[in-house]
Amino acid sequence: MSTANTLEPNVASHVAMGSTRFPLQPSVLFELGSRGLCGASLPASDVPRLRREDVVPAELLADQPPPLPEIGELDVVRHYKRLSHRCFSVDENFYPLGSCTMKYNPRVNERVAGLEGFAHLHPYQDEGDVQGMLELLFRLRSDLAEIAGLPEVTLQPAAGAHGEMTALMVINAYHRSRGEHRTVVLAPDSAHGTNPASCTSCGATHVSVRSKEDGRVDMDDLRAKVDANTAALMITNPNTVGVFDEQIADIAKVIHAAGAQLYLDGANMNAILGITRPGDFGVDCMHFNTHKTFSTPHGGGGPGAGPVAVAEHLRPFLPVPQVIQRKDGTFGWCDDRPASIGKVRSFYGQIGVLVRAYTYIRSLGHDGLRDVAQKAVLASNYVAAKLKHRYSMPFPPPYAHEFIMVPRFDNSGVTEHDVAKRLIDHGIHPPTMSWPIHHCLMIEPTETESIHTLNHFVDAMLSIADEIEQNPDVVRTAPHTAPVKRLDEVGATRKPYVRWKPAD
Amino acid sequence: MRFTQFTGDEVQEALGAVGVDSMESLFAPIPDSLRLKRDLNIPAGVSELELLRDAKSLADKNDDCSKLTCFLGAGAYDHFIPTVVDALAGQSEFLTAYTPYQAEASQGILQLFFEFQTLVCQLTGMDIANASMYEVASAAAEAVGMARTINGRRRALVAQTVHPDTRRVLQTYADSQDLEIVVLPDRDGVVDERALEGALDDSMAAVVLQSPNLFGCVERLDRIIDEVHAHGALAIVATDPIAGGVLKPPGAFDADIVVAEGQALGVPLQYGGPYLGLLAGREKYLRKMPGRLVGMSKDRDGRRGFCLVLQTREQHIKRERATSNICTNEGLLAVRAAVHTAAMGRCGISTVASQCFDKAHYAAAEIAKLDGFELRFAAPFFKEFVVRTTRDVTTVLGKCREAGILGGVALKRIDDRFDDCFLVAVTEKRTKGEMDALVAALKGA
Numbered sequence: 202m203s204t205a206n207t208l209e210p211n212v213a214s215h216v217a218m219g220s221t222r223f224p225l226q227p228s229v230l231f232e233l234g235s236r237g238l239c240g241a242s243l244p245a246s247d248v249p250r251l252r253r254e255d256v257v258p259a260e261l262l263a264d265q266p267p268p269l270p271e272i273g274e275l276d277v278v279r280h281y282k283r284l285s286h287r288c289f290s291v292d293e294n295f296y297p298l299g300s301c302t303m304k305y306n307p308r309v310n311e312r313v314a315g316l317e318g319f320a321h322l323h324p325y326q327d328e329g330d331v332q333g334m335l336e337l338l339f340r341l342r343s344d345l346a347e348i349a350g351l352p353e354v355t356l357q358p359a360a361g362a363h364g365e366m367t368a369l370m371v372i373n374a375y376h377r378s379r380g381e382h383r384t385v386v387l388a389p390d391s392a393h394g395t396n397p398a399s400c401t402s403c404g405a406t407h408v409s410v411r412s413k414e415d416g417r418v419d420m421d422d423l424r425a426k427v428d429a430n431t432a433a434l435m436i437t438n439p440n441t442v443g444v445f446d447e448q449i450a451d452i453a454k455v456i457h458a459a460g461a462q463l464y465l466d467g468a469n470m471n472a473i474l475g476i477t478r479p480g481d482f483g484v485d486c487m488h489f490n491t492h493k494t495f496s497t498p499h500g501g502g503g504p505g506a507g508p509v510a511v512a513e514h515l516r517p518f519l520p521v522p523q524v525i526q527r528k529d530g531t532f533g534w535c536d537d538r539p540a541s542i543g544k545v546r547s548f549y550g551q552i553g554v555l556v557r558a559y560t561y562i563r564s565l566g567h568d569g570l571r572d573v574a575q576k577a578v579l580a581s582n583y584v585a586a587k588l589k590h591r592y593s594m595p596f597p598p599p600y601a602h603e604f605i606m607v608p609r610f611d612n613s614g615v616t617e618h619d620v621a622k623r624l625i626d627h628g629i630h631p632p633t634m635s636w637p638i639h640h641c642l643m644i645e646p647t648e649t650e651s652i653h654t655l656n657h658f659v660d661a662m663l664s665i666a667d668e669i670e671q672n673p674d675v676v677r678t679a680p681h682t683a684p685v686k687r688l689d690e691v692g693a694t695r696k697p698y699v700r701w702k703p704a705d
Numbered sequence: 490m491r492f493t494q495f496t497g498d499e500v501q502e503a504l505g506a507v508g509v510d511s512m513e514s515l516f517a518p519i520p521d522s523l524r525l526k527r528d529l530n531i532p533a534g535v536s537e538l539e540l541l542r543d544a545k546s547l548a549d550k551n552d553d554c555s556k557l558t559c560f561l562g563a564g565a566y567d568h569f570i571p572t573v574v575d576a577l578a579g580q581s582e583f584l585t586a587y588t589p590y591q592a593e594a595s596q597g598i599l600q601l602f603f604e605f606q607t608l609v610c611q612l613t614g615m616d617i618a619n620a621s622m623y624e625v626a627s628a629a630a631e632a633v634g635m636a637r638t639i640n641g642r643r644r645a646l647v648a649q650t651v652h653p654d655t656r657r658v659l660q661t662y663a664d665s666q667d668l669e670i671v672v673l674p675d676r677d678g679v680v681d682e683r684a685l686e687g688a689l690d691d692s693m694a695a696v697v698l699q700s701p702n703l704f705g706c707v708e709r710l711d712r713i714i715d716e717v718h719a720h721g722a723l724a725i726v727a728t729d730p731i732a733g734g735v736l737k738p739p740g741a742f743d744a745d746i747v748v749a750e751g752q753a754l755g756v757p758l759q760y761g762g763p764y765l766g767l768l769a770g771r772e773k774y775l776r777k778m779p780g781r782l783v784g785m786s787k788d789r790d791g792r793r794g795f796c797l798v799l800q801t802r803e804q805h806i807k808r809e810r811a812t813s814n815i816c817t818n819e820g821l822l823a824v825r826a827a828v829h830t831a832a833m834g835r836c837g838i839s840t841v842a843s844q845c846f847d848k849a850h851y852a853a854a855e856i857a858k859l860d861g862f863e864l865r866f867a868a869p870f871f872k873e874f875v876v877r878t879t880r881d882v883t884t885v886l887g888k889c890r891e892a893g894i895l896g897g898v899a900l901k902r903i904d905d906r907f908d909d910c911f912l913v914a915v916t917e918k919r920t921k922g923e924m925d926a927l928v929a930a931l932k933g934a
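Going line by line, the protein sequences match chains A and Y. If you're matching positions, the first sequence starts at 202 in this note's numbering and goes up one per residue. If you're matching positions, the second sequence starts at 490 in this note's numbering and goes up one per residue.
Bear in mind the hints are in silico, worked out from the structure with no lab data behind them. Cβ atoms here follow ideal geometry from the backbone N, Cα and C, with glycine treated the same way. Careful, some of the hints might be misleading.
Stated by the list, open to error - Simulated restraints, written as ranges between beta carbons of each label pair:
hint, chain 1, residue 1, chain 2, residue 2, range
1, A, Arg279, Y, Thr884, 52 to 58 Å
2, Y, Gly579, A, Asp660, 32 to 38 Å
3, A, His590, Y, Asp667, 26 to 32 Å
4, Y, Arg542, A, Glu670, 33 to 39 Å
5, A, Asp660, Y, Met512, 40 to 46 Å
6, Y, Glu891, A, Arg279, 20 to 26 Å
7, Y, Arg810, A, Gly237, 36 to 42 Å
8, Y, His720, A, Gly380, 36 to 42 Å
9, A, Leu262, Y, Asp925, 25 to 31 Å
10, Y, Arg810, A, Asp421, 49 to 55 Å
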């Protein structure tokens with residue numbers, strides 16, 4: 202076999218990346234252009250030019266323009282076009298990225314969010330000018346409440362972690378209103394990193410609860426750790442190992458008996474849409490990740506939105522303002538909530554993202570949402586079944602929307618990181634790795650992939666399993682088709698170079 | 490609409506491969522008692538055509554700034570966005586990419602964030618910047634948390650001239666973090682510098698300022714920051730990222746942390762979000778910064794490449810000991826801001842800033858000539874100013890609205906001390922004709 206064939210798997214239509222389209226190393230923006238160029242066109246001013254010194258103290262005036270690049274429009278276009286070729290994206294690649302729900306982002310969402318009437322509303326326009334927008338937000342609020350099985354929703358938080366923090370603040374306010382000061386927040390050891398970080402952001406102490414070997418919460422450990430100082434348990438269900446913890450109703454009882462609150466991290470809602478509702482299994486409070494469950498694009502890491510749904514007793518503490526429908530049928534903002542925690546974000550929230558989430562929910566409807574959960578769970582179990590002969594499955598099926606597997610490394614010297622990097626050569630984005638158990642891969646195919654794509658992924662994983670046995674070096678040195686080889690991430694952190702400096 | 494792709498036969502094939510006979514078996518772990526035994530009370534799915542009809546009927550109930558002439562500001566501005574911003578930032582390779590944890594598969598977006606960080610430094614006059622926060626208010630709250638980590642103090646002094654949303658968000662964060670917020674009073678539209686010295690002591694972690702401030706006025710950062718530093722506190726300044734075309738950026742006055750609302754850099758108004766928070770600081774605070782940071786590095790063949798750096802500050806590694814809980818940031822908005830700033834460049838940003846400045850001053854002068862209207866403050870301003878009127882503010886703005894003009898933000902909406910005032914913002918997009926129409930509408934009110 203030739204080297205080239207060994208290094209580059211048969212990627213067929215799944216060509217790894219624009220590296221083949223554009224093999225050259227792109228310039229850094231600051232290497233482009235010439236003094237005096239401008240990539241934008243502005244009209245001449247139609248008012249007199251003021252002498253700045255006449256109205257602003259000289260000490261405060263800029264003595265020169267900001268030292269920004271000067272590049273013509275075509276070269277600006279080429280630059281960003283070239284950069285776009287060096288990204289994996291859901292539109293080109295399969296992303297079996299556990300816990301991240303990288304489903305297809307329907308184009309129609311973008312079209313709706315861009316409609317005149319939505320895209321160019323100013324946040325301080327009078328309510329009379331924005332009735333359609335407020336009606337949309339009110340409908341979304343109602344839909345999310347129904348999906349959660351909880352009576353009220355705030356749309357204000359800007360992302361999932363921001364929703365977690367908001368929810369913890371709401372829970373704290375609730376305890377304080379009862380004259381209690383509870384400082385400990387529990388979370389299973391398999392929790393997302395944002396959970397403990399959100400605890401700290403809210404001034405709470407995080408205590409980890411053990412998971413059993415089967416991935417479920419260890420009830421004995423939970424009972425041992427819950428006491429009068431427990432503010433809440435943050436739980437993800439189905440959890441991060443892809444298992445629905447059927448003890449959830451009992452967990453809720455233990456938590457509630459201690460006067461604490463049960464919080465659900467909604468990251469994995471995709472698996473249960475229309476099947477079961479958090480409010481029905483004892484949850485007091487939860488957040489949604491619209492960029493996971495409701496198909497709003499990840500955008501290279503945002504913008505997200507993290508709406509929070511709460512039970513009746515937490516309602517008074519939600520952020521203000523809240524979108525409401527008035528008695529006369531019109532929509533508006535209500536600031537009258539004296540016990541509110543206040544605001545967590547400017548204005549009203551990630552409105553453009555929420556418009557996309559609304560569009561998605563309206564597209565699918567109750568029937569389509571249930572179909573999402575079914576197909577997401579089917580895809581995950583299908584892939585797991587196809588791989589179980591070559592990869593270790595630490596937890597027994599059936600799985601929810603994602604599952605955990607561990608490559609058989611034997612003495613090959615290959616790590617899960619190498620396996621992940623080798624997938625890049627197959628045009629597949631690496632899965633989540635090394636968490637929540639050592640050496641694992643967390644696979645979440647999502648409901649939108651065809652069986653053909655799933656089969657392509659299975660084939661890739663099987664060929665990598667072969668390579669680990671027969672040709673481990675090719676895995677250890679992957680990727681081979683990306684525009685760069687593995688980067689010196691350790692060196693980059695030891696001596697961080699985070700800003701272009703002209704002398705370089 | 491459905492975006493799933495399994496046919497009925499393929500469902501059977503997949504179930505067969507799993508070794509179960511029904512979809513139901515896959516959900517067996519969910520106890521029957523917890524199941525939803527009915528359909529969600531949400532309308533059934535619709536086709537794309539029906540969906541677009543529904544969306545358009547909602548959109549048509551709104552009157553937006555493409556129909557109306559917008560003089561509204563107070564933190565969100567109707568600036569011109571070059572066509573290339575939508576064209577390039579809308580590319581699905583950026584739109585549908587994940588957070589660039591996998592460097593080899595994400596070089597494009599990583600390089601873009603690295604360049605974004607540099608552009609933010611160039612706009613603010615600072616050493617380092619992160620790859621974005623949610624928006625300016627939570628960025629300010631994170632900055633205060635950062636200051637507290639740096640000097641271990643537990644109070645923050647926040648100027649009354651900082652946008653009330655930012656102040657409210659700071660208060661919300663502070664309430665849950667055992668942090669005390671103290672208000673620094675204002676006088677004539679700017680920080681009361683005489684009150685500053687009395688308010689500062691060695692318990693103050695930071696002083697939060699905004700310039701241009703809520704009222705559009707330019708603060709005396711040259712004097713204030715020196716005073717702040719004299720007491721060992723950090724100076725956190727919220728600014729307008731385009732103001733550097735006319736005014737010295739906060740970095741020039743030795744600010745320690747600069748935050749800004751990046752919306753002015755190519756982000757549509759969108760009824761208040763998503764926007765993006767900029768956060769920049771001094772090099773020495775690099776390891777205390779919240780949020781994602783991208784660095785330039787080399788691959789094993791010595792080629793230039795980019796990767797996330799200092800991830801040990803972040804929640805996915807450090808969990809409860811992270812510098813912040815932030816995970817998702819505003820990646821796609823950072824793309825927009827980067828493309829916008831690159832296309833505008835040195836000349837474009839200066840032109841935008843200059844025209845905002847000249848046009849705002851033209852409009853202010855014309856309005857001040859009217860009977861019953863005057864400028865509320867004498868302090869210098871950038872693109873926004875406060876008008877006081879002897880008439881009823883709601884009526885006056887209602888008259889403007891009848892003429893198709895959003896004449897300003899009634900100040901009592903955001904600061905109840907000023908119920909006879911409104912705030913007028915003028916961007917480079919406004920023409921002399923539009924400003925004259927505003928003046929005419931006010932005159933007839």
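So, going through the hints one by one against the coordinates:
For the hinted restraint 52 to 58 Å between A/Arg279 and Y/Thr884, the CB-CB distance of approximately 53 Å keeps it satisfied. For Y/Gly579 and A/Asp660, the hinted distance range of 32 to 38 Å is satisfied, since their beta carbons lie about 33 Å from each other. Checked against the given bound of 26 to 32 Å, the beta carbons of A/His590 and Y/Asp667, roughly 54 Å apart, lie outside it. Distance hint for Y/Arg542 and A/Glu670: a CB-CB separation of about 57 Å, inconsistent with the stated range 33 to 39 Å.
The given range of 40 to 46 Å is broken by A/Asp660 and Y/Met512, whose C-beta atoms sit roughly 25 Å from each other. Restraint check, Y/Glu891 to A/Arg279: a C-beta distance of roughly 47 Å breaks the suggested window 20 to 26 Å. For Y/Arg810 and A/Gly237, the hinted distance range of 36 to 42 Å is not satisfied, since their beta carbons lie about 49 Å from each other. Remark: the range hint 36 to 42 Å for Y/His720 to A/Gly380 is upheld by a beta-carbon distance near 38 Å.
For A/Leu262 and Y/Asp925, the hinted distance range of 25 to 31 Å is satisfied, since their beta carbons lie about 28 Å from each other. Taken as a hint, the range 49 to 55 Å is violated for the pair Y/Arg810 and A/Asp421, whose Cβ atoms sit roughly 27 Å apart.
Going through the hint list in order, the structure does not satisfy hints 3, 4, 5, 6, 7 and 10.
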